[in-house]
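Asks: Quick mapping for you: the protein sequence lines, in order, are chains X and B. Take the first sequence: its letter number 76 is residue 76 in the working numbering, and every next letter is one higher. The working numbering runs 110 ahead of the 1-based position in the second sequence.
Because the hints were derived from the structure by calculation, they are not lab data. Computed from a predicted model, the values in this text were never measured in an experiment. We put the beta carbon where it would ideally sit given N, CA and C, even for glycine. Treat each hint with caution, since some may be false.
DMTMM-like mimics (lysine to aspartate or glutamate), calculated; alpha carbons at most 25 Å apart, straight line [as the list claims (entries may be wrong)]:
#: 1; chain 1: B; residue 1: K150; chain 2: X; residue 2: E5
#: 2; chain 1: X; residue 1: K55; chain 2: X; residue 2: D84
#: 3; chain 1: B; residue 1: K151; chain 2: X; residue 2: D96
#: 4; chain 1: X; residue 1: K3; chain 2: B; residue 2: E154
#: 5; chain 1: X; residue 1: K59; chain 2: B; residue 2: E217
#: 6; chain 1: X; residue 1: K59; chain 2: X; residue 2: E5
#: 7; chain 1: X; residue 1: K3; chain 2: B; residue 2: D209
#: 8; chain 1: X; residue 1: K97; chain 2: X; residue 2: E56
#: 9; chain 1: X; residue 1: K3; chain 2: B; residue 2: E212
#: 10; chain 1: X; residue 1: K71; chain 2: B; residue 2: E212
Which stretches of chain B does chain X cover? Using the computed rule of at least three CB atoms under 8 Å from a CB of chain X, they are [stated by the list, open to error]:
#: 11; region: 154 to 166
#: 12; region: 203 to 213
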Amino acid sequence: SQKIEQNSEALNIQEGKTATLTCNYTNYSPAYLQWYRQDPGRGPVFLLLIRENEKEKRKERLKVTFDTTLKQSLFHITASQPADSATYLCALDGADKLIFGTGTRLQVFP
Amino acid sequence: DTEVTQTPKHLVMGMTNKKSLKCEQHMGHRAMYWYKQKAKKPPELMFVYSYEKLSINESVPSRFSPECPNSSLLNLHLHALQPEDSALYLCASSRNTGDPGELFFGEGSRLTVL
Chain X
1 SQKIEQNSEA LNIQEGKTAT LTCNYTNYSP AYLQWYRQDP GRGPVFLLLI
51 RENEKEKRKE RLKVTFDTTL KQSLFHITAS QPADSATYLC ALDGADKLIF
101 GTGTRLQVFP
Chain B
111 DTEVTQTPKH LVMGMTNKKS LKCEQHMGHR AMYWYKQKAK KPPELMFVYS
161 YEKLSINESV PSRFSPECPN SSLLNLHLHA LQPEDSALYL CASSRNTGDP
211 GELFFGEGSR LTVL
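If we strip away everything but chain B, and leave its shape as in the complex, we get (with noise of 0.2 Å):
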């Protein structure tokens, strides 16, 4: 199994809303990640988890707050959201960080805040 599911694959919410994105993988991999990317724009870093832990915040907003409940599952809680956090989000994986080798990305979440 060489995938990265990411749920779900678009959500609408309010500015008020709070929703969360979820992402799960089975390689076995102990670093995960949280990308951001605008349209016609590159993958901005926004976490890093290593062997469960935060090991990198990019300077994230606390309305993003990342969760790794364990070495599969990575949640993004999303909390007063703004118009231009408006973006396609996603999740990657990879064997570690040190030398992470590829990462393995998932489709993403379309995520449009009205």
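Only chain X is shown next, with the shape it has when bound in the complex (with noise of 0.2 Å):
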């Protein structure tokens, strides 16, 4: 059965260190994977995507790798902030439709 699992239902890390997610798939074969953030009671919202020929994407803070072979995506967070904290979720296309990971809820603490 396909399957989109986030490793860690929660990670707790010190403020200043890097947050490292991880994103395991199985019997899908994306085009793409995306990452949102989702804070408690609001919708996400749209962080970072890489496509299948991508290995690794940037934006500021956050870093994405995304490895075909293995069907896991890592996303990286440095130097985080105790305002990273939320529900990270990521997502992979199926047939014209975003499907959603389990999410990982991120605590980062002072």
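Please dock the two separately framed chains into a single complex, following the hints provided.
Replies: Right under this line is the structure:
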């Protein structure tokens, strides 16, 4: 069956450290993968998109990698801040629709 | 204008009521979506509209009835809902469905069914 799993339901890290979130998928062949941030009670907000022919994408303190052989994407937040605390969702394309992973709740403490 | 606007923000309804959720975007996007999200779970796709036509229905019960009156508006009509339908209903839009790029989400409508 098709699955998109984010390996940690919750991740706690100290301010200033790098947070690394993982997204693994099975039985998909996505042309792209996206990452979203969601704050409690609000809609997801797009962060980054990476295509299957791209190994890495960066935006300010964010970095995403995409390994189609391992069927995995890694999402890094460097120099993390308490304001980065949120749920992070990966999402990939599955036949004209975007399917979301299980999400990781990141808590950055001072 | 890069906003997706959803109304109402909160809705409480009984199982015999009929209500509607509304969604509006003015970005010229031709794809619009309804997602349902339960607490601590990811958004689950319900419906996709492409160029104002229903292109995907994820086997959603008929008590949920989507409507796309024009390219800027998306409605979700609710009738005879069950308490387990209580959730955050998210509307989203994208430039198209084939290679949509980012989805723009509204803030959601929090539905409680009594």
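Asks: Hint by hint, note whether the structure agrees.
Replies: Hint check:
With a C-alpha separation of about 14 Å, the suggested pair K150 (chain B) and E5 (chain X) falls inside the 25 Å cut-off, and the hint holds. Taking the CA atoms of K55 (chain X) and D84 (chain X), the gap is near 24 Å; set against the 25 Å cutoff, the hint holds. A threshold of 25 Å between alpha carbons decides the hint, and for K151 (chain B) with D96 (chain X) the separation of about 22 Å falls inside it, so the pair holds. Between K3 (chain X) and E154 (chain B) the CA atoms are separated by roughly 13 Å; this keeps the pair inside 25 Å, and the hint holds.
The straight-line distance between the Cα atoms of K59 (chain X) and E217 (chain B) is roughly 24 Å, inside the 25 Å bound, and the hint therefore holds. Distance hint between K59 (chain X) and E5 (chain X) is fulfilled; the C-alpha atoms sit about 23 Å from each other, no more than 25 Å. A distance of roughly 21 Å separates the Cα atoms of K3 (chain X) and D209 (chain B); the hinted pair therefore holds under the 25 Å criterion. Distance hint between K97 (chain X) and E56 (chain X) is fulfilled; the C-alpha atoms sit about 23 Å from each other, no more than 25 Å.
Simply put, K3 (chain X) and E212 (chain B) have alpha-carbon atoms about 21 Å apart, close enough for the 25 Å limit, and the pair holds. This hinted pair checks out: K71 (chain X) and E212 (chain B) have alpha carbons roughly 21 Å apart, not beyond 25 Å. Only when three residues or more bring their CB closer than 8 Å to a CB of chain X does the claim for the region 154 to 166 of chain B stand; here the count is 6, and the claim holds. Here the region 203 to 213 of chain B counts 7 residues with a CB under 8 Å from a CB of chain X, which clears the bar of 3, and the coverage holds.
Going through the hint list in order, the structure satisfies each hint without exception.
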